[in-house]
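Novice: So the sequence lines, in the order shown, correspond to chains A and B.
Those letters in the first sequence? Residues 1 to 325, per full-length UniProt numbering, in order.
Those letters in the second sequence? Residues 1 to 259, per full-length UniProt numbering, in order.
No wet-lab data here; the hints were simulated from the structure.
One or more of the hints may lead you astray.
Quick list of in silico lysine to any residue cross-link-like pairs, SDA-like style, CA-CA up to 25 Å [said to hold, decoys possible]:
#, chain 1, residue 1, chain 2, residue 2
1, A, Lys142, B, Glu93
2, A, Lys14, B, Arg101
3, B, Lys92, A, Ile260
4, A, Lys299, A, Ser285
5, A, Lys284, A, Ile260
6, A, Lys16, B, Lys92
7, A, Lys14, B, Thr166
8, A, Lys114, B, Glu87
9, A, Lys56, B, Pro223
10, A, Lys135, B, Arg17
11, A, Lys14, B, Arg86
12, A, Lys14, B, Asn256
13, B, Lys92, A, Leu288
14, B, Lys92, A, Asp218
15, A, Lys135, B, Gly144
16, B, Lys92, A, Leu167
17, B, Lys92, A, Phe113
18, A, Lys56, B, Arg17
19, A, Lys56, B, Leu253
20, A, Lys142, B, Phe19
21, A, Lys135, A, Gln156
22, B, Lys92, A, Leu55
23, B, Lys92, A, Val70
24, A, Lys142, B, Leu253
25, A, Lys16, B, Val15
26, A, Lys16, B, Arg163
27, B, Lys92, A, Val165
28, A, Lys14, B, Val15
29, A, Lys135, B, Asn256
30, B, Lys22, A, Val165
31, A, Lys114, B, Val15
All values reported here derive from a predicted model rather than from experimental measurement.
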Amino acid sequence: MSDAVIQVENLVRKFKDLTAVRGVSFQVARGEVFGFLGPNGAGKSTTIKMLATLLKPTAGRALINGYDVVRQQDRVRRSIGLVFQDPSLDERLTARENLFFHAMLYNVESRVFKRRMQEMVEMVELTDRLNDPVKYFSGGMKRRLEIARGFLHYPQVLFLDEPTVGLDPQTRSKIWEYIHALRQRENITIFMTTHYMEEAENCHRIAIIDHGEIVAMDTPANLKKLVGGDIITILTTRAGEMADRLAERFGLRAAGQGNILRVEVEQGEAFIPLLVREMGEDIKSVTLHKPSLDDVFLKLTGREIREESVSAVDRIRVFRRGRRR
Amino acid sequence: MRYLRGIYIIWLREVIRFFREKTRIVGMLGQPLLYLLIVGNGLAATFKVPDAPPGFSYVQFMYPGILGMAVLFTSIYSAISIVWDREFGFLKEVLVAPVPRWTVAVGKALGGSTVAVMQGTIFILLAPLIGVALSPLMVLKLMGVLLVMAFAITSLGITIASRMETMEGFQMIMNFLIMPLFFLSGAMFPLRGVAPWMETLMRLDPLTYGVDALRNIMYGDTPLRDFLVQFSLGLDLLVVAAMALLFVGTGALAFNRQD
Ligand SMILES: Nc1ncnc2c1ncn2[C@@H]1O[C@H](COP(=O)(O)OP(=O)(O)OP(=O)(O)O)[C@@H](O)[C@H]1O
Ligand SMILES: [Mg+2]
């Protein structure tokens, strides 16, 4: 697979006695959007930092755009752009100055820079704020500026570490619009991390990472198949009779209690019309639940991914991490 | 070219940021003035310097010392701002960019010393107000020495700050490194007449030679020379330059290391 623009083999990173990344391997094709999905502390940022030459791998090998992240750091750096998880703008400088310094660091010719800057700030809708100091920007504006900056120097690979964390849903979907548009136009490869399930849906392929290991890697659709098909819940007046008819007519085994029946089908939205045509008169309501990546994560790790539902083990880890500081 | 570009960018940012921070300009200028006016006048009234030649005033002795102090503190402050840069992320942006890391250290050191020399120069221009006469040539020479001193001290600060994670360590460095360097430099009191162990320490303090170089330039041709100046200008400049080279090396090495 020489067309892979990111090639990672058995990458390991230890911090003293803690192994943050435990031998991950994957490849990303040019133009692909590839995502790491995992809970806090899973090792997502650590992996990005190794790929971006900010941290040295303890073991393993990684090539970006064909260049080794340990031995050819300068070439790797020329190939990539990076939007950090934590803010990395110079707050005392204006938006324009931040972009200008970036362009200088990446040796973007000044004529090219002017054109590109206009294009990028227009995209993220910050044209009229170009001359304002960044410290007066809102969180969403800062994030948009960072994303514009990441694209500024035409990187081959753009790393986005939780690009939309803490932003409202409108801003989030807006940002994804820009990212997709640019990626298509310039054939940029995107490597992103997130712990938002909905955000992971923007990826062509996802690696689910937990405790430093990849536990599954596939397209979002295929990952969801791991948990089975769509769940259809039917509220009916004659549960027993309908269960029999579902078995007879569609070969489905219905579960349920009282006047509620639950069946699992592959294509829920296509099945509902059939169901209603056949036995509509006995149905009071139908609900369709498509499996989400939440369900996948739960099935693979036995835990919910979201912070609101940290398990006891996670809580202890957070506590220990806090004390170690 | 690539190296120059990296150095230039970091330098430029440092200077732009300095001009945005009005309070910093005022504070850094106010401190040495306060020292000179209050401490200088206070000490001058209290201490009778033994065997002082006619025409000597304590302010003449102290002025170059305070000039050195202003540069010392400004330089250290600039260097320590690396910790903020790390905390507020700008440093990361620079460290993933395709410029060699050592150029970041050198650019920062140049930026910090530029700022320090600008402040030193303003202070120099105030000299006539306190009765110190300076020729234009002297001013240029003083600026040159201040630049090398500031470069050395900023580089030292960068070496230390590159391993500092938080600002909590800053007070420690001020108390156990910067203040001793300052007090032992002969800025406030002369080397002669102190206890032998202290004289040894003062001779080991590289800043002593920086301050002495300033005195050499200001009083080298006056009758006060033998009383105010310790070493030859050549030795002073040699030590200051060696210090600059040594510390810019350690600063660059500290930056080149990857976790
Ligand atoms: N510099 C460091 N020193 C020590 N331990 C570290 C360091 N950086 C990360 N770790 C540890 O490595 C583990 C993985 O951290 P990492 O930042 O990669 O997680 P993450 O998946 O990005 O999490 P989040 O979603 O919270 O950003 C954590 O347990 C963290 O405490
Ligand atoms: Mg992270």
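Novice: B:Lys92 and A:Val165: Cα distance at most 25 Å?
Specialist: OK: B:Lys92 and A:Val165 at ~19 Å, within 25 Å.
Novice: So if I understand the rule, the pair passes when the alpha-carbon distance is 25 Å or less; does A:Lys135 with A:Gln156 pass?
Specialist: 30 Å, violated
Novice: Measure nothing beyond the straight line between the CA atoms of A:Lys16 and B:Arg163; if it is 25 Å or shorter, mark the hint as holding.
Specialist: Cα-Cα ~17 Å, so holds.
Novice: Check the hint pairing A:Lys14 with B:Asn256 against an upper bound of 25 Å on the C-alpha distance.
Specialist: 20 Å, holds
Novice: Can the restraint linking A:Lys142 and B:Phe19 be considered satisfied, given a maximum Cα separation of 25 Å?
Specialist: Measuring from Cα to Cα gives roughly 23 Å; hence the hint holds.
Novice: Straight-line Cα separation of A:Lys16 and B:Lys92 no greater than 25 Å?
Specialist: Holds, at about 22 Å.
Novice: Could you grab the alpha-carbon distance between A:Lys14 and B:Arg86 and see if it respects the 25 Å cut-off?
Specialist: It holds: about 22 Å lies between the C-alpha atoms, which stays within 25 Å.
Novice: Does A:Lys142 pair with B:Leu253 here, judged by a C-alpha cut-off of 25 Å?
Specialist: 33 Å, violated
Novice: Holds or violated: are the alpha carbons of B:Lys92 and A:Phe113 at most 25 Å from each other?
Specialist: 22 Å, holds
Novice: Tell me if the straight-line CA distance from A:Lys56 to B:Leu253 falls inside 25 Å.
Specialist: This hinted pair holds, its Cα atoms lying about 17 Å apart.
Novice: B:Lys92 and A:Asp218: Cα distance at most 25 Å?
Specialist: 31 Å, violated
Novice: Between the alpha carbons of B:Lys92 and A:Leu55, is the straight-line distance 25 Å or under?
Specialist: Roughly 11 Å separates the two Cα atoms, so the pair holds.
Hint compliance for this structure: hints 3, 4, 8, 9, 13, 14, 15, 18, 21, 24, 25, 28, 29, 30 are not met, and every other hint is.
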